[in-house]
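**Student:** Full structure from sequences and hints, please.
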Amino acid sequence: MTALTALFLRDVRAAIRAGGGAPVGVLFFLLVVTLMPFAVGPDLALLQRIGPALLWLGALLASLLALDRLLAADYDDGSLDLILMSGNALELALLTKALAHWVTTSLPLVVITPLLALFFNLDLPASAAVTVTLLVGTPALTLIGLIGAALTVALRRGGLLISVLILPLTIPVLIFGVAASNAAIVGPLPFGSPFMVLCALSLASLVIGPAAAALAIRQGLE
Amino acid sequence: MPLIDLANPTRFLALVGRTLPWLAALTALGFLFGLWDVYRAPDDYQQGATVKIMFIHVPSAWLSMFIWGLMSIAALGTLVWRHPLADVAAKAAAPIGAAFTLICLVTGSLWGRPMWGTYWVWDARLTSVLILFLMYLGVIALWRTIDDFSRAARAAAILTLVGAINLPIIKFSVDWWNTLHQPASVLRMAGPSIHPSLLVPLLVMAAAFFLLFATLHLAAMRNEILRRRVATMQILQAQAAPGV
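Here the protein sequences come in this chain order: E and S.
In the working numbering, each number is its position in the first sequence, counted from 1, plus 11.
In the working numbering, each number is its position in the second sequence, counted from 1, plus 25.
It should be emphasised that the hints constitute simulated quantities derived from the structure, not laboratory data.
In this text the structure is predicted, and so the values were computed from the model without any measurement.
Hints are supplied without guarantee of correctness; some may be wrong.
With beta-carbon atoms standing in for the labels, derived distance ranges [stated by the list, open to error]:
hint, chain 1, residue 1, chain 2, residue 2, range
1, S, Leu-224, E, Cys-210, 39 to 49 angstroms
2, E, Cys-210, S, Ala-53, 49 to 59 angstroms
3, S, Gly-94, E, Ala-50, 33 to 43 angstroms
4, E, Arg-168, S, Trp-147, 28 to 38 angstroms
5, E, Ile-61, S, Arg-138, 49 to 59 angstroms
6, S, Arg-254, E, Met-207, 31 to 41 angstroms
7, S, Ile-98, E, Arg-60, 56 to 66 angstroms
8, S, Gly-94, E, Ala-25, 34 to 44 angstroms
9, E, Leu-15, S, Arg-138, 55 to 65 angstroms
10, E, Met-96, S, Ile-165, 28 to 38 angstroms
Note that CB positions come from ideal geometry on N, CA and C, so glycine has one too.
**Tutor:** As structure tokens, then:
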């Protein structure tokens, strides 16, 4: 367990100290949110209605763009080979890396969401609902993205390919994330049922993501 | 013949060479019968002659799902049994599957224009098929991006299996999303069950489509094996060239 803790701390430290990590992701999120009114018009009533969807889309794109950094650096400097040979379960090591990645790139997005919700005139319950669904849903995005990162780790031009492979798989998360947020704001559904499905998707990706990614790494690096 | 006997590509090529002409002839015969049946089939009392689009649309829809299933089995063959022809089968099936899915989408939207007055509706089934099409394209993109055969095969196999797990989840989510947005589905057949005068041509056409897929798939697998041989021979030739 100490090896995994060390790996987690190393990844978090590297992400914080390297620069260009979390702040740029948050900035990208802010920019996407700023662009939306230019596309759909400054009508606050409309923006309030589609606000949760826009915030979810922005967070999805921001977390997607960071994915190529999830494994690429470790592949380049050989750390991934060391992790593979260390004798620890590769699934757990990848889960740890995904967790560190989530803490450094997705968690800041979740934290900034209540502030961005103000731009769409979302009231307090609505903003809380979007934040909570993002908090529960973004781990699923990171863990599904882990599969794409593992499949394309050895490729020079993997960045765009990850998005193409991963985006169809994130559709259920997007559907239930936005549905739960909307349910909390306008109803008619109770917030609980889509939210529970969202939790289930996150838990399922907690199993499928690291397992498939470890399989891909083992098959790809041998 | 046990499946493992086909592991030898030469034996497989010989088998394909023997069966492919017969299969192609059978396919042509199937389409001859099927199209004749379709020609004689009565028009629907509501939809008129446009109901005949169904005889292309529905078999392509069945095939689009069947081919992903076949690719998943081939993916297991690649990862678990390391069958040498499994990755050939998976690679050859992907573009054919994408093509049938595209046919399903295009005929569906051509059918939708006179029936619903629009080419596209964000109906649950249409949306699911569109996502399936995008996933086919993703698998093809992965195949094309990785140069090394066996590496590409294993990466595509993992993606195919992840897709096979996810496709029912996506289907369920899209159904759920759709019922939330529009309570009554537009995609309902006129009656509760399909009349035998339409069902028989449909089944004949479906058989013809499956035969067409089998023919195309075997031919594509043969081409893929030959393509690999050409690539290997080119490498050997380059290595044997003087001055290296």
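**Student:** State for each hint whether it applies.
**Tutor:** To see whether the hints hold, each was checked on the structure:
no.: 1; hint: S:Leu-224 <-> E:Cys-210: 39 to 49 angstroms; in the structure: holds (44 angstroms)
no.: 2; hint: E:Cys-210 <-> S:Ala-53: 49 to 59 angstroms; in the structure: holds (54 angstroms)
no.: 3; hint: S:Gly-94 <-> E:Ala-50: 33 to 43 angstroms; in the structure: holds (40 angstroms)
no.: 4; hint: E:Arg-168 <-> S:Trp-147: 28 to 38 angstroms; in the structure: holds (33 angstroms)
no.: 5; hint: E:Ile-61 <-> S:Arg-138: 49 to 59 angstroms; in the structure: violated (28 angstroms)
no.: 6; hint: S:Arg-254 <-> E:Met-207: 31 to 41 angstroms; in the structure: violated (54 angstroms)
no.: 7; hint: S:Ile-98 <-> E:Arg-60: 56 to 66 angstroms; in the structure: violated (45 angstroms)
no.: 8; hint: S:Gly-94 <-> E:Ala-25: 34 to 44 angstroms; in the structure: holds (42 angstroms)
no.: 9; hint: E:Leu-15 <-> S:Arg-138: 55 to 65 angstroms; in the structure: holds (57 angstroms)
no.: 10; hint: E:Met-96 <-> S:Ile-165: 28 to 38 angstroms; in the structure: holds (33 angstroms)
Consistency with the previously given hints fails for numbers 5, 6 and 7, ordered from lowest to highest.
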